[in-house]
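*Asks:* Residues per chain, in single letters:
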Amino acid sequence: MTENTPKFGSPYGFETRQIHAGTQPDPVTGARQTPIYQNTAFVFEDADHAASLFNLQTFGFVYSRLSNPTVAALEERLASLENARGSTCCSSGHAAQLMALFALMQPGDHVIASTRLYGGSITQLSKSFGRFGWSARFLDFDDLGSVREAINGNTRGLFCESLANPGGVISDLEPLAEIARAAKIPLIVDNTMATPVLCRPVDWGADLVTHSTTKFLSGNGTSMGGALIDSGNMDWMDAERFPSLAAPEPAYHGLTFAESFGDLGFTTHAHAVSLRDLGTSMAPLNAWLTLLGTETLSLRMERHCANAQRVAEFLEGHEAVSWVSYAGLPSSPYHQLAEKYLPKGAGSVFTFGVKGGYQAGVTLVERCEIISHLANIGDTRTLILHPASTTHRQLTEEQREAAGAGPDVIRLSVGLETADDIIADLDQALTSVQRQAAE
Amino acid sequence: MTYRDPSQSDIRRILDETRTIVMVGASANWNRPSYFAMKYLIGKRYRVIPVNPGLAGQELLGERAYANLAEVPSPFEMVDIFRRSTEAGAITDQAIALKDEKGIKTVWMQLGVRNEEAAAKAQAAGLQVVMDRCPKIEWGRLHAELAWGGFNTGIISAKRRRA
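First to last, the sequence lines map onto chains A and B.
Heads up, the first sequence is in the numbering used here, so the first residue is 1 and it goes up one at a time.
Heads up, the second sequence is in the numbering used here, so the first residue is 440 and it goes up one at a time.
Treat the hints loosely; a few may be bogus.
Stated by the list, open to error - Derived list of chain A stretches under chain B, where covered just means 3 residues or more per stretch with a C-beta under 8 angstroms from a C-beta of chain B:
#, region
1, 46-59
2, 343-353
Stated by the list, open to error - Ranges between beta-carbon positions, derived for each pair:
#, chain 1, residue 1, chain 2, residue 2, range
3, B, D532, A, D203, 50 to 56 angstroms
4, A, D203, B, R451, 25 to 31 angstroms
5, B, R451, A, S389, 55 to 61 angstroms
6, B, I481, A, V43, 19 to 25 angstroms
7, B, Q497, A, T16, 48 to 54 angstroms
8, A, G30, B, E540, 24 to 30 angstroms
9, A, D48, B, R452, 27 to 33 angstroms
10, B, R451, A, E240, 37 to 43 angstroms
11, B, R451, A, D48, 24 to 30 angstroms
Treat the hints as calculated values from the structure; they're not laboratory data.
Glycine included, each C-beta is placed from N, C-alpha and C at the ideal position.
Next comes chain B alone, as it looks inside the complex:
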């Protein structure tokens, strides 16, 4: 089985149906992308729970950090992988194993993270997979904020957006 890239409407649906994201590789350094992506997503009313063995037990942006996915006590719909591509396989395996227990629906690999084997495996296990994208950028793109930076969102509509 090969990995299928999600369509634009898949991505919109995933971002709409997700309430809680577990971010694997969240950083406490305010100038790292994982930190400010987490902060941005919290601002868009997602709950984002950090996973980072080095931060386990500490608080990050108001949420307690855990050492791994299994230790996160509450359910979550999405795993956002902010680790290198080679590590995405093991994290995806954990997500597949915890799928039913935690209610996981989506494995999201960050911009620059690609692991086709892991992605195909997760899709075969019934999970939705997004790869090599950033949920912050995708949220901004679908809600026109990305256009403020001069970017092509691909959105064409004569409908009035909510301010």
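Next up, chain A with everything else stripped away, as it sits in the complex:
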């Protein structure tokens, strides 16, 4: 047995890393807060330096479509918080999903994805990605046997959310990672809803992690962004399965990413090929705002979870509410998985059923006073949405049901306001729903 010193990682705690990782003082000016490099291109020292940069033979910046110092600071921070090797920030969570699959898929290949994925992801995977010749097979990830059996020679990954949006469903990551490992394909986990404060999928065996940084990571509803994070643990050297990573890349003079860069290969490819050609770069200002958000991430998540727990308990006892799907409640079928994977709290986004169906749902969201009716999650503000009439409109009725977005479903993203005020607002709105039903 050898003792391995990790090639990365840090003895410091999460709270220290959420403030410091990636952001040493600026070496030129000593600025303590990270400068916003609102800048497109970077000068070369000489032609030889330029050649080395273009050939990916040295570290450095060329053009902000590929990499930027402020964005890189956020990338390192997110990789650190997820206990991962590297990360690639991009323009949105959807861009992160596109880039994850772009590295893995060729026409004719497919990914096996959970039916519980966020509705927007299901649309992206099943409709738009179909035009690239990629397909997605949607399965119930609670049925591990069916996931294992569905894998074939063209499967390039398993894809789920650690904590699904919006249904309060938790994926059983440990056995899913084992299934993926046995099939030599990556487990890709979207960790937007849980954040690395509540769950770190890499610790359970996930190979790739995606984020919409738009949500809890930036935290204030200011900045669109995404991240594609590589654990560094997957061996991509399989040219049949993953030619983008394991076969010579003609655009870089026949360089093979997984061979030349080892566990840096995936993230190097994501910058040098995916960002270069998909153009899905994150803006430096958005990276900076997201860095600022992550400095308080653990504190915010703690309060988000505490408020969500109180609101969920209130709703479960309300007579206008037929059910509450929050994994923090003992009534949830996912409560045990929550205790395993999210011991610090089951997040702050969940759904509940309002009695009276579709119309009652529409009335409830319209009657809220301090709770914002909009299509986002993970803001300091409490947000409410009726998925069936908004985000999940494009899905079929069956897909809506499977995604936990039936006609009576309301999604809440519980914010950081005084918990009693959130509860009072929901109470008065539910009372109007009841009054309307009685009329």
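Given chain A's structure and the hints, the job is docking chain B onto it.
*Replies:* Relative to chain A, chain B alone:
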């Protein structure tokens, strides 16, 4: 005796105390990792002497190449093995034999190169051993350049680095 992986401070010390590296398996092909790792390390003010029987007598990035470790005339502190894991044993044996004559302190096996038996033997002979890592990546990690590519360096510090 079993091989012990070096700590982060061991790696920092090795990179700080090393001035001359002999790179076994250096390639003349500009697009091979050994070539651009050599070029990068020269840029960080190391002297890197190539060893490759196919290139012996030729010049590579301003340095004459030799056929094997014994033929390198000047002293060197590190042997960087850019050969497959199975060949690392014989190269390590040569390094152990030449340890005192050349002043060798470290045997470094590249990213993807692992030979635990050779590593344990070298450590028992008093050599420092690094395995399955790249000195270019480690130098970049410890000096924050690796972070420019979006990587987790593990470095947490409120000190101002030298620009």
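*Asks:* Now, for every hint given, state plainly whether the structure supports it.
*Replies:* Here is how each hint holds up against the structure:
Only residues whose beta carbon comes within less than 8 angstroms of a beta carbon in chain B count, and the region 46-59 of chain A has 5; three or more means the coverage holds. Counting residues of the region 343-353 of chain A whose beta carbon lies closer than 8 angstroms to any beta carbon of chain B gives 0, which falls short of the minimum of three for the stated coverage. Remark: the range hint 50 to 56 angstroms for B/D532 to A/D203 is contradicted by a beta-carbon distance near 40 angstroms. Roughly 27 angstroms separates the CB atoms of A/D203 and B/R451, a value that falls within the hinted 25 to 31 angstroms.
The supplied range of 55 to 61 angstroms is met by B/R451 and A/S389, whose beta-carbon atoms lie about 58 angstroms from each other. Between B/I481 and A/V43 the CB atoms are about 22 angstroms apart, so this pair conforms to the stated range of 19 to 25 angstroms. Evaluation of the 48 to 54 angstroms hint for B/Q497 and A/T16 yields a pass: the beta carbon distance comes to about 51 angstroms. Against the hinted window of 24 to 30 angstroms, the Cβ-Cβ separation of A/G30 and B/E540 comes to about 47 angstroms, which falls outside the hint.
Our hint of 27 to 33 angstroms for A/D48 and B/R452 holds, since their Cβ atoms are close to 31 angstroms apart. The beta-carbon spacing between B/R451 and A/E240, approximately 40 angstroms, falls within the hinted interval of 37 to 43 angstroms. Distance hint check: the CB atoms of B/R451 and A/D48 are about 28 angstroms apart, consistent with the given range 24 to 30 angstroms.
Violated hints for the displayed structure, listed by number in ascending order: 2, 3 and 8.
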